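Colleague: Chain by chain, the residues run as shown.
Protein chains: 2
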Amino acid sequence: MKKISLLGATGSIGTSTLDVIENNPEVFSLVSFSFYKNMDLARRIIQKFQPVFVACGDVEQAAELATEFPNTSFRAGVDGLVEAAIHPEVDVVLTAVTGSIGFRPTIEAIDHGKEICLANKETLVMAGQWVMQKAKEKQVSILPVDSEHSAIFQCLQGQDKAGLRKLIITASGGSFREKKREELANVTVKEALIHPNWSMGRKITIDSSTMVNKGLEVIEAHWLFDVDYDDIEVVLHKESIVHSMVTFEDGAMLAQLGPSDMREPILYALSYPKRMKMVGEKHFSLPEIGTLHFETLDEERFPMLALAFKVGKLGGSFPTVYNAANEIAANAFLEGRIHYLDIESYITKAVESHEEIEDLQLEDIVKIDEATRTLVSSWILEKERICKR
Amino acid sequence: MKKISLLGATGSIGTSTLDVIENNPEVFSLVSFSFYKNMDLARRIIQKFQPVFVACGDVEQAAELATEFPNTSFRAGVDGLVEAAIHPEVDVVLTAVTGSIGFRPTIEAIDHGKEICLANKETLVMAGQWVMQKAKEKQVSILPVDSEHSAIFQCLQGQDKAGLRKLIITASGGSFREKKREELANVTVKEALIHPNWSMGRKITIDSSTMVNKGLEVIEAHWLFDVDYDDIEVVLHKESIVHSMVTFEDGAMLAQLGPSDMREPILYALSYPKRMKMVGEKHFSLPEIGTLHFETLDEERFPMLALAFKVGKLGGSFPTVYNAANEIAANAFLEGRIHYLDIESYITKAVESHEEIEDLQLEDIVKIDEATRTLVSSWILEKERICKR
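Chains as they are written, first to last, in our numbering: chain A, 209 to 597; chain B, 209 to 597.
None of these hints come from the bench; they were simulated from the model.
Please note that a few of the clues may not be correct.
Stated by the list, open to error - Subject to a maximum C-alpha distance of 35 Å in a straight line, what follows is the list of computed DSBU-like cross-link-like pairs (lysine-lysine):
(1) A:Lys490 to B:Lys521
(2) A:Lys518 to A:Lys446
(3) A:Lys344 to B:Lys485
(4) B:Lys374 to A:Lys446
(5) B:Lys344 to B:Lys211
(6) B:Lys521 to A:Lys482
(7) A:Lys388 to A:Lys596
(8) A:Lys342 to B:Lys485
(9) A:Lys485 to B:Lys446
Unchecked claim - Label-pair ranges, simulated between beta-carbon atoms:
(10) A:Thr499 to B:Glu390: 24 to 30 Å
(11) A:Met209 to B:Pro495: 42 to 48 Å
(12) A:Met209 to B:Lys388: 53 to 59 Å
(13) B:Thr556 to A:Lys490: 36 to 42 Å
(14) A:Tyr437 to B:Glu390: 55 to 61 Å
(15) B:Asp434 to A:Glu230: 29 to 35 Å
(16) B:Ala370 to A:Glu230: 21 to 27 Å
Keep in mind that this is a model prediction, so the values were computed, not measured.
Glycine is no exception: its CB is placed at the ideal position from the N, C-alpha and C atoms.
Throw the hints in and build the complete structure from the sequences for me.
Modeller: Here it is, written out as structure tokens:
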């Protein structure tokens, strides 16, 4: 029995993970989980899975649920997240929270020797160097849950790492892939949230359209697979059937394909190195799909991807700044406070104004993350103030 | 240094293998080889690679070359093939001869503990049960060289065999894939020899067009990977970029892709489990290729594929008969002696008239192979006799 802590249980990856756990009750059990706002779903999860611990978004939720479920412990905030992750009964932590909030519980879970199934790419983007180092020291596996990274991980099994040439990450192109740059100025939140292939959370859907998500994936892949940025490519593949690919020195390419169903990489990460039967599998037939398309990605159309490679190569805290600026800007767009193309402007401005400090430590990363959020938030407020006059 | 015996050195796979050996002189050396007719090329191979032993097509060739190359031993016929394969200096035998002639040297090489790189699919079709049993007893690896089987083999590395669901072999459709059955009656040898994607030997190009080649591959895959026929599928994929695929119980699919270059699976088999750099690699870019197509294969259009599944499931000597009848019929077509669709008729007739013997032994297989050849040859002669009247 694999005992799971699920951080971000009420989101898209979270509910897919619950589905996988529910369908395999003899193999997986839910020991703890976290949620942020969705109390109704949190209640149903507690009723169904009877976890011993739940991390809540705030103290009022924790108090309310504690009266309803006397057999479960509740705690709020980041401390709750950490406690959910490092609970002594937990074997594996699946980090499905969005954004840099996933950083501290992931680090602490590694410190406590918990296996990590990583769906929270921001943790590696923020602090990949420290996270991978710590995982190595603690001999903890970090298994990818992102479909692209799971695809690469699946393709690399049993292969000669020395003969690896390139990682090729596929990109659907996101909501606005058919639009030119000049058409992007006045797009709406509603338009941005219509992803052509995947049903995902709001923030990641915005990140897909700006290609920041792919940028974060490139940086994540760099750390997960220890591959140079020059050996990572992004290819436009509109069908999202090929989840990613690798090439080798002999010219061979391996690819992982499948339906757009996050339960597959989740199940693979949880059952690894075994393969378990998917219950309620989505129908998938290549002859029925018929055609797969591949195109080069226009870097001028998607400048955030080129910027991700740039901050990745600069290293240090530059990816931290890129990610933090994006979190603030993407959320401001979702709140209707800034225009779509402002997301790019704020990220670029934050990266360009960032000065690297000497002898960077993990503690500095957390401070730089916070400072960037404060800075970008202040820029947005300032612009709102000026424009309201 | 891996010391190689190359059976069928002057054919398509043979010359590609020589290219791989020549490009990696610090890793591979050619100890022995066989050829059938091409004396000029045989001479050049001896000059370049200085093998210790050469198996010739006939005794005249052997005598002639012996005078020219005093440092090399020569011998003719099947005994020569066997001697080339089991030469004491040989580590690995790459069997690139076409047809059932590859059977005896492969069996004897396994008996002598030589590693097998198998490009001669007929050996497993004829006698898969015995060959795999013997390889297991002798702890000899049989590594696939056929691009489809190499693809599957590459996809299965590091994977949970218990979680394997299906092998999906891709088929280009061959020379006549755009033709309907009623258009096949009067096609010529010249038309049949124009393969859309691969430059191969004459017989395998015919076999591709009749889909017998894919049928042989299905049977070969059954033996190589120990997979039920019901778990093997064939999918039409006109570009020949995806060389084959596998699916797992969790719904994931892995595929191996690459240019139409037999040197890749050859190099992989010879360097396995390592990956070596391909010298003079063919350019390959998915965005440049742009589009990949997949279709179901029409069994009525290609009845030889359904027949292959049928003889495979019947087992015993039925696949032997299917293969032997095809070798005689395909060669008769190449010689202009029968019509294209007669190939199918003779194979079907041979299979339908075959009666399985009880307690089948390996010796019986060789006899049934010969008897089928004699029978189908006699049918062709008889028809020629009648039609000449």
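Colleague: State for each hint whether it applies.
Modeller: To see whether the hints hold, each was checked on the structure:
no.: 1; hint: A:Lys490 to B:Lys521; result: 30 Å, holds
no.: 2; hint: A:Lys518 to A:Lys446; result: 25 Å, holds
no.: 3; hint: A:Lys344 to B:Lys485; result: 30 Å, holds
no.: 4; hint: B:Lys374 to A:Lys446; result: 26 Å, holds
no.: 5; hint: B:Lys344 to B:Lys211; result: 22 Å, holds
no.: 6; hint: B:Lys521 to A:Lys482; result: 29 Å, holds
no.: 7; hint: A:Lys388 to A:Lys596; result: 30 Å, holds
no.: 8; hint: A:Lys342 to B:Lys485; result: 33 Å, holds
no.: 9; hint: A:Lys485 to B:Lys446; result: 31 Å, holds
no.: 10; hint: A:Thr499 to B:Glu390: 24 to 30 Å; result: 28 Å, holds
no.: 11; hint: A:Met209 to B:Pro495: 42 to 48 Å; result: 45 Å, holds
no.: 12; hint: A:Met209 to B:Lys388: 53 to 59 Å; result: 58 Å, holds
no.: 13; hint: B:Thr556 to A:Lys490: 36 to 42 Å; result: 39 Å, holds
no.: 14; hint: A:Tyr437 to B:Glu390: 55 to 61 Å; result: 56 Å, holds
no.: 15; hint: B:Asp434 to A:Glu230: 29 to 35 Å; result: 34 Å, holds
no.: 16; hint: B:Ala370 to A:Glu230: 21 to 27 Å; result: 23 Å, holds
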